[in-house]
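Asks: Let the hints inform the model, and build the full structure from the sequences given.
Number of protein chains: 2
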Amino acid sequence: MDRSLKSLGLNSYHLGWDNSIEPRLTVSSGDRIQIDSLDASGGQIPRDGTALQVSSMDFSRLNPVTGPIFIEGAEPGDAIKVSFESLEVADWGWTGTIAGFGLLADDFPESSCFISKVGDMSVELPFGPVLPKIPMIGTIGVALAEPGIHSIVPPSIHGGNMDIRDLGEGSTLLLPVAVAGALLSVGDPHAAMGDGEVCGTGVETTATSVIRVELLKAAAPRSPVIESSGISQRTGASLLTTGIGPDLHRASIDAIRSMIDELVRRTGMAPLEAYILCSLTVDLKVSELVDAPNWVVSAHIPLSVIR
Amino acid sequence: MDRSLKSLGLNSYHLGWDNSIEPRLTVSSGDRIQIDSLDASGGQIPRDGTALQVSSMDFSRLNPVTGPIFIEGAEPGDAIKVSFESLEVADWGWTGTIAGFGLLADDFPESSCFISKVGDMSVELPFGPVLPKIPMIGTIGVALAEPGIHSIVPPSIHGGNMDIRDLGEGSTLLLPVAVAGALLSVGDPHAAMGDGEVCGTGVETTATSVIRVELLKAAAPRSPVIESSGISQRTGASLLTTGIGPDLHRASIDAIRSMIDELVRRTGMAPLEAYILCSLTVDLKVSELVDAPNWVVSAHIPLSVIR
Numbered sequence: 015m016d017r018s019l020k021s022l023g024l025n026s027y028h029l030g031w032d033n034s035i036e037p038r039l040t041v042s043s044g045d046r047i048q049i050d051s052l053d054a055s056g057g058q059i060p061r062d063g064t065a066l067q068v069s070s071m072d073f074s075r076l077n078p079v080t081g082p083i084f085i086e087g088a089e090p091g092d093a094i095k096v097s098f099e100s101l102e103v104a105d106w107g108w109t110g111t112i113a114g115f116g117l118l119a120d121d122f123p124e125s126s127c128f129i130s131k132v133g134d135m136s137v138e139l140p141f142g143p144v145l146p147k148i149p150m151i152g153t154i155g156v157a158l159a160e161p162g163i164h165s166i167v168p169p170s171i172h173g174g175n176m177d178i179r180d181l182g183e184g185s186t187l188l189l190p191v192a193v194a195g196a197l198l199s200v201g202d203p204h205a206a207m208g209d210g211e212v213c214g215t216g217v218e219t220t221a222t223s224v225i226r227v228e229l230l231k232a233a234a235p236r237s238p239v240i241e242s243s244g245i246s247q248r249t250g251a252s253l254l255t256t257g258i259g260p261d262l263h264r265a266s267i268d269a270i271r272s273m274i275d276e277l278v279r280r281t282g283m284a285p286l287e288a289y290i291l292c293s294l295t296v297d298l299k300v301s302e303l304v305d306a307p308n309w310v311v312s313a314h315i316p317l318s319v320i321r
Numbered sequence: 015m016d017r018s019l020k021s022l023g024l025n026s027y028h029l030g031w032d033n034s035i036e037p038r039l040t041v042s043s044g045d046r047i048q049i050d051s052l053d054a055s056g057g058q059i060p061r062d063g064t065a066l067q068v069s070s071m072d073f074s075r076l077n078p079v080t081g082p083i084f085i086e087g088a089e090p091g092d093a094i095k096v097s098f099e100s101l102e103v104a105d106w107g108w109t110g111t112i113a114g115f116g117l118l119a120d121d122f123p124e125s126s127c128f129i130s131k132v133g134d135m136s137v138e139l140p141f142g143p144v145l146p147k148i149p150m151i152g153t154i155g156v157a158l159a160e161p162g163i164h165s166i167v168p169p170s171i172h173g174g175n176m177d178i179r180d181l182g183e184g185s186t187l188l189l190p191v192a193v194a195g196a197l198l199s200v201g202d203p204h205a206a207m208g209d210g211e212v213c214g215t216g217v218e219t220t221a222t223s224v225i226r227v228e229l230l231k232a233a234a235p236r237s238p239v240i241e242s243s244g245i246s247q248r249t250g251a252s253l254l255t256t257g258i259g260p261d262l263h264r265a266s267i268d269a270i271r272s273m274i275d276e277l278v279r280r281t282g283m284a285p286l287e288a289y290i291l292c293s294l295t296v297d298l299k300v301s302e303l304v305d306a307p308n309w310v311v312s313a314h315i316p317l318s319v320i321r
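Sequences listed follow chains G and E, in order. Counting in the working numbering, the first sequence runs from 15 upward without gaps. Counting in the working numbering, the second sequence runs from 15 upward without gaps.
To be clear, the hints were calculated from the coordinates, so they are not data collected in a lab. Among these hints, one or two may not hold up.
SDA-like cross-link-like pairs, simulated, lysine to any residue; straight-line CA separation at most 20 Å [said to hold, decoys possible]: (1) Lys95(E) / Arg280(G); (2) Lys231(G) / Arg279(E); (3) Lys95(E) / Arg279(G); (4) Lys131(E) / Gly63(E); (5) Lys95(E) / Ala251(G); (6) Lys147(G) / Gly250(E); (7) Lys147(E) / Gly133(E).
A short list of chain G residues far from chain E (calculated; beta carbon distances all over 10 Å) [as the list claims (entries may be wrong)]: (8) Gly91; (9) Gly210; (10) Ala284.
The structure presented is a predicted model; accordingly, all values stated were derived computationally and were not measured. Backbone N, C-alpha and C define an ideal beta-carbon position, used for all residues, glycine too.
Replies: Printed below as a string of structure tokens:
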């Protein structure tokens with residue numbers, strides 16, 4: 015079954031999850047939709063963006079998502095299956111620290127801005143490293159059952175700002191529906207990102223995606239489930255640092271601090287640059303969480319990026 | 015510089031980190047050492063092991079490690095660099111749940127035992143799935159500065175029971191030295207394991223490894239650092255489940271429960287079998303830990319294992 019492509023443009027965005035927002039598009043199960051997405055700043059950071067522009071962003075305009083899309087027949091208890099058919103991002107993107115935000119907000123208290131060139135296959139950072147280009151959607155979710163407006167920043171079991179690197183071309187996502195019509199929205203595209211997104215931003219960019227939406231009756235998963243194409247997986251030799259202790263969040267901080275030490279020592283880059291690089295290409299894994307009282311978090315970077 | 019191979023056999027083991035244990039071998043920087051390691055049960059689970067044998071194990075004999083090895087000239091503040099030259103495991107291994115132990119100890123309160131066949135390239139579970147064989151060392155560390163005996167179960171910043179999948183052939187490990195001579199010990203080999211080792215055991219087996227030890231003066235990392243060969247990385251299409259909420263440990267539990275749901279639904283395997291499979295081949299990643307108050311943990315399984 016192939017249907018004509020519906021579309022939602024850059025003007026159809028909203029700022030917060032709110033199940034009273036009027037749908038901008040109504041689709042049936044099986045429909046394909048082309049979606050244009052703003053970057054996470056809502057267009058506030060230009061191609062020559064600076065730290066000052068990051069620090070003076072209007073925070074009420076952050077994290078716009080395109081939608082909502084009403085899926086006919088969707089009811090609480092159902093699942094929405096989203097297939098990512100294609101995902102095109104712009105030829106540049108920004109990454110920055112935002113004062114008070116990010117895993118190491120205490121270590122890097124100032125705002126910063128780094129503009130990367132995005133090519134056909136790779137992303138070139140302004141301070142040297144070249145990363146594989148892995149276009150992905152940071153935020154995709156459905157409206158919550160609770161009335162009122164809810165920040166788009168934290169994710170929930172209904173999806174939202176999950177920042178899972180596998181959410182790109184060739185992958186499918188199952189989301190549990192919470193309200194009639196589901197009210198699906200999509201935004202926050204990245205040209206590259208590491209699992210953890212530790213500084214709080216990826217290579218933030220605009221995108222045009224084509225998704226296909228299907229309704230699965232009474233098939234709500236307890237939390238989002240993804241089938242990944244594997245495109246986002248990196249292979250080959252890598253450098254690992256560790257954080258070890260009784261709290262996984264603290265262990266994650268320790269692992270990233272240790273990675274920053276290593277990157278600075280091995281490459282001579284600045285600590286802030288190393289932190290940015292961690293956010294874009296370091297993956298955080300839980301290596302051990304059964305040998306009480308201490309757990310192990312490992313931070314992985316492909317050696318190809320720093321050699 | 016190549017030196018004659020020194021060796022440590024199965025009798026040279028100890029049960030706990032204790033810096034007063036007499037060294038079983040003294041080596042110089044640059045020496046290569048062949049090390050035989052018992053399995054994590056200390057030989058209590060035979061090739062035809064049963065759940066009863068797991069439940070009646072003498073817990074005081076668990077987690078033996080071969081050593082300690084005194085490295086001449088090593089002092090606190092130095093680093094020991096261990097290169098894994100080769101790692102051979104036995105042709106079988108056991109995996110089980112141990113009452114009261116493991117990430118989902120409440121869901122799976124009974125002890126169990128599953129014996130796998132370990133071939134040249136793969137590990138065959140008794141209930142069907144075939145996994146890539148990825149020999150690794152679960153426990154490697156140096157003695158702690160604090161006097162007395164310390165359990166080998168929890169890892170520390172001086173290493174120990176880290177259960178990092180990359181600790182195998184072709185990789186190198188840097189450990190911070192805490193006492194004179196470092197007192198390195200090695201054990202807990204696995205033929206396969208998923209990052210997280212969620213049920214508490216991998217494919218537990220015996221092994222013979224060859225390592226090379228180097229002393230790096232005044233180069234202690236703040237926590238163990240690894241250069242991985244990449245051999246342990248899996249590629250290709252995968253299934254992801256998620257856990258989303260304010261606590262990474264709870265989110266890990268949720269992600270694994272959701273993965274068990276999916277495995278049971280897709281393959282018809284029993285929930286306990288799915289839990290065991292998670293421990294052996296599911297990797298836990300921290301996808302997001304900056305968008306307060308909710309974090310995302312994703313659990314990844316290669317689709318090749320369940321198709």
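Asks: Indicate, hint by hint, whether the structure satisfies it.
Replies: Do the hints match the structure? See the list:
no.: 1; hint: Lys95(E) / Arg280(G); result: holds, 16 Å
no.: 2; hint: Lys231(G) / Arg279(E); result: holds, 16 Å
no.: 3; hint: Lys95(E) / Arg279(G); result: holds, 17 Å
no.: 4; hint: Lys131(E) / Gly63(E); result: holds, 13 Å
no.: 5; hint: Lys95(E) / Ala251(G); result: holds, 17 Å
no.: 6; hint: Lys147(G) / Gly250(E); result: holds, 17 Å
no.: 7; hint: Lys147(E) / Gly133(E); result: holds, 8 Å
no.: 8; hint: Gly91; result: holds, 15 Å
no.: 9; hint: Gly210; result: violated, 5 Å
no.: 10; hint: Ala284; result: holds, 19 Å
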